[in-house]
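For reference, the chains in residue letters:
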Amino acid sequence: MAEAVESPGDPGTTTPRPLFAGLSDISIPQDIPVEGEITIPVRSRVREFDNSTLNESVQNTIMRDLKAVGKKFMHVLYPRKSNTLLRDWDLWGPLILCVTLALMLQRGSVDSEKDGGPQFAEVFVIVWFGAVTITLNSKLLGGNISFFQSLCVLGYCILPLTMAMLVCRLVLLAEPGPVNFMVRLFVVIIMFAWSIVASTAFLADSQPPNRKALAVYPVFLFYFVISWMILTFTPQ
Amino acid sequence: MAAADELAFHEFEEATNLLAQTPNETTTRSDQLGPKGHVAVAMDSGGSYGAEDEVEESDKTELLQEEKPQPGFWTFGYYQSFFDVDTSQVLDRIKGSLLPRPGHNFVRHRLRNRPDLYGPFWICATLAFVLAITGNLTLVLAQRRDPSIHYSPQFHKVTVASITIYCYAWLVPLALWGFLRWRKGVRERMGLYTFLETVCVYGYSLFVFIPTVVLWLIPVPWLQWLFGALALALSAAGLVFTLWPVVREDTRLAAGVLLSVVVLLHTLLAMGFLFLPAAASRAHGISPSSYLSASSHNVATHPTEVRGSLGRLSPQAQEMVTKGSPETSRSFCYFPDFSYKANTFIFYAKVIQRIYIKAGEGQSRELPGRPSPPGGLPSLGRTCSSWSIQRAGLELSLSSATSKSGVVRNGGTQLEENCLC
Numbered sequence: 001m002a003e004a005v006e007s008p009g010d011p012g013t014t015t016p017r018p019l020f021a022g023l024s025d026i027s028i029p030q031d032i033p034v035e036g037e038i039t040i041p042v043r044s045r046v047r048e049f050d051n052s053t054l055n056e057s058v059q060n061t062i063m064r065d066l067k068a069v070g071k072k073f074m075h076v077l078y079p080r081k082s083n084t085l086l087r088d089w090d091l092w093g094p095l096i097l098c099v100t101l102a103l104m105l106q107r108g109s110v111d112s113e114k115d116g117g118p119q120f121a122e123v124f125v126i127v128w129f130g131a132v133t134i135t136l137n138s139k140l141l142g143g144n145i146s147f148f149q150s151l152c153v154l155g156y157c158i159l160p161l162t163m164a165m166l167v168c169r170l171v172l173l174a175e176p177g178p179v180n181f182m183v184r185l186f187v188v189i190i191m192f193a194w195s196i197v198a199s200t201a202f203l204a205d206s207q208p209p210n211r212k213a214l215a216v217y218p219v220f221l222f223y224f225v226i227s228w229m230i231l232t233f234t235p236q
Numbered sequence: 001m002a003a004a005d006e007l008a009f010h011e012f013e014e015a016t017n018l019l020a021q022t023p024n025e026t027t028t029r030s031d032q033l034g035p036k037g038h039v040a041v042a043m044d045s046g047g048s049y050g051a052e053d054e055v056e057e058s059d060k061t062e063l064l065q066e067e068k069p070q071p072g073f074w075t076f077g078y079y080q081s082f083f084d085v086d087t088s089q090v091l092d093r094i095k096g097s098l099l100p101r102p103g104h105n106f107v108r109h110r111l112r113n114r115p116d117l118y119g120p121f122w123i124c125a126t127l128a129f130v131l132a133i134t135g136n137l138t139l140v141l142a143q144r145r146d147p148s149i150h151y152s153p154q155f156h157k158v159t160v161a162s163i164t165i166y167c168y169a170w171l172v173p174l175a176l177w178g179f180l181r182w183r184k185g186v187r188e189r190m191g192l193y194t195f196l197e198t199v200c201v202y203g204y205s206l207f208v209f210i211p212t213v214v215l216w217l218i219p220v221p222w223l224q225w226l227f228g229a230l231a232l233a234l235s236a237a238g239l240v241f242t243l244w245p246v247v248r249e250d251t252r253l254a255a256g257v258l259l260s261v262v263v264l265l266h267t268l269l270a271m272g273f274l275f276l277p278a279a280a281s282r283a284h285g286i287s288p289s290s291y292l293s294a295s296s297h298n299v300a301t302h303p304t305e306v307r308g309s310l311g312r313l314s315p316q317a318q319e320m321v322t323k324g325s326p327e328t329s330r331s332f333c334y335f336p337d338f339s340y341k342a343n344t345f346i347f348y349a350k351v352i353q354r355i356y357i358k359a360g361e362g363q364s365r366e367l368p369g370r371p372s373p374p375g376g377l378p379s380l381g382r383t384c385s386s387w388s389i390q391r392a393g394l395e396l397s398l399s400s401a402t403s404k405s406g407v408v409r410n411g412g413t414q415l416e417e418n419c420l421c
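Just so you know, the sequences run in chain order Y and W. For reference, each letter of the first sequence is one residue, going 1 to 236 in the UniProt record's numbering. For reference, each letter of the second sequence is one residue, going 1 to 421 in the UniProt record's numbering.
Please note that a few of the clues may not be correct.
Selected chain Y positions facing chain W (Cβ under 10 Å, derived; list incomplete) [stated by the list, open to error]:
id : residue
1  : Lys67
2  : Ala68
3  : Val69
4  : Gly70
5  : Gln119
6  : Glu122
7  : Phe124
8  : Ile126
9  : Lys139
10 : Ile145
11 : Gln149
12 : Arg169
13 : Val171
14 : Asn210
15 : Val225
16 : Met229
Listed below are the simulated DSS-like cross-link pairs for lysine-lysine, each with C-alpha atoms no more than 30 Å apart in a straight line [what the hints assert, rightly or not]:
id : chain 1 : residue 1 : chain 2 : residue 2
17 : W       : Lys184    : Y       : Lys212
18 : Y       : Lys212    : Y       : Lys71
19 : Y       : Lys71     : Y       : Lys139
20 : Y       : Lys212    : Y       : Lys139
21 : W       : Lys184    : Y       : Lys139
It should be emphasised that the hints constitute simulated quantities derived from the structure, not laboratory data. Every residue, glycine too, gets a C-beta built ideally from N, C-alpha and C.
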């Protein structure tokens, strides 16, 4: 058995021994084998990665990106404290969502250019410049989230509102009336709350604790404006 | 007891003056009463406490602020220094702007000479969106009452509202700061605020309009006027109390002119919020006859002359006036059914507003305001007689207010139609 010379601390009489002082006295008996393999887990995939993305089929490339986007959608729909959205940020998802939302919100007719709902460009500008402004705001307040990570999170959290837009469009196919409006209002409110909860779950941790409300309020305003655009959409 | 109270108040004021010189000091010393605290405060300032003059104080402030090495304006850290506020500080500043008190200078007592840009920026953004949204909501409510009104989201109101508010919240403080600097050059004893402090004061003073605009959804006329007057009083009082210590060293005339111009501009902004221009709400398909069936004034005979209150001054609206376009535009201005005198006041206030717009901008700019919710109610119909009495006065004022001759011809009828609800 290994024996190590250790003195239980005699209080007040002996000087404290330096750490690992008794190591040199350990004797290892012969019947314990000390052998094995030391392997460093080399990321040999990296090499493969470099070579193979050039040669792989287009479908593989696209599916990989789509799967990443889909995985992040799942993270938004079931917000947990995970870092996937922040670590592997990408802006494909926000682009898809923003374009979908802007296309659905666009008025079909040209009865009055000035008096209608938001045009495609307006929705686009609001979403992207709103996200940039909120990111700048949270960075200026001292948050330690990077610029594109924040854009990624804000863009992905538009997903519930896009789903609300789809539902609203379907509901509007039915006859108009107060019931119609109440259903749409209910759906939009639920999705708005979901967006806020999802984005706060990701963003709130990166702020200093006494400024969390200052950083979350612009997010609230942003999603409120988008919800308003969705709710007031009338298809004519 | 009275002496101690006097001492306490006196000390607090001096302590805040000292705090203005050294912004990083904590404020706990101001709570100490008695000569001991008095002496302690004096010792901290290095003996210059007793003989402080306004000029020296502001010089010291500038000096002490320059001692800290400021990062260059091209670095991110420079702008980060303007957002160095906590949630509790922002809420405290908002509370301070909501309840202005005569002795308390917003800059000294609330900002502690550390202005921030978070408050002004987001208060203006919120106000712009709230204006657009409530404007839209009043249209929805009006449509509920009268299904013939064509509803549309009117999204461009957001653009108009945000441009107006941001211009007001940044250009007016710039002008004010420039004016104060000029006066300080003329008279040495005046105090001075930095540009950011002025922007901060204006930004926080706009906060009171946010709940007011939401409360304007209630379609009760006198209540709307009451809320508007209350908001304007609070906001303008905050501005005046902040500016008073700075301008009181100046001549009476300059001080009076400055304060009255500040209050006037604020009033114009508030009225711009209240009277939403019809040029922004040029909605199609609204049949005037059903909307105004309760009104004694017959609009159906003049469908092409229904015009917006401010849209008339824009060039395209001007052409429509002279040519008579088939497209009708609703005027959602709101006039309660007051007496003749109140109508006169309202009318001349609108004239002044138009002068302000014409003088201020090169092109037509449509101020956001308030569409009229209660148009369908019979009690708000306008009587023709009260306006016909003022027609001569109207034309006269319009000719002086606008430089376009074409409007004068239709001036009287224009304003008649203009004030339809």
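Tested hints:
no.: 1; hint: Lys67; in the structure: violated, 36 Å
no.: 2; hint: Ala68; in the structure: violated, 30 Å
no.: 3; hint: Val69; in the structure: violated, 29 Å
no.: 4; hint: Gly70; in the structure: violated, 32 Å
no.: 5; hint: Gln119; in the structure: holds, 8 Å
no.: 6; hint: Glu122; in the structure: holds, 6 Å
no.: 7; hint: Phe124; in the structure: violated, 13 Å
no.: 8; hint: Ile126; in the structure: holds, 8 Å
no.: 9; hint: Lys139; in the structure: holds, 8 Å
no.: 10; hint: Ile145; in the structure: violated, 14 Å
no.: 11; hint: Gln149; in the structure: violated, 17 Å
no.: 12; hint: Arg169; in the structure: violated, 15 Å
no.: 13; hint: Val171; in the structure: violated, 17 Å
no.: 14; hint: Asn210; in the structure: holds, 4 Å
no.: 15; hint: Val225; in the structure: holds, 6 Å
no.: 16; hint: Met229; in the structure: holds, 7 Å
no.: 17; hint: W/Lys184 with Y/Lys212; in the structure: violated, 41 Å
no.: 18; hint: Y/Lys212 with Y/Lys71; in the structure: holds, 27 Å
no.: 19; hint: Y/Lys71 with Y/Lys139; in the structure: holds, 27 Å
no.: 20; hint: Y/Lys212 with Y/Lys139; in the structure: holds, 12 Å
no.: 21; hint: W/Lys184 with Y/Lys139; in the structure: violated, 37 Å
The structure is inconsistent with the numbered hints 1, 2, 3, 4, 7, 10, 11, 12, 13, 17 and 21, although it conforms to all the rest.
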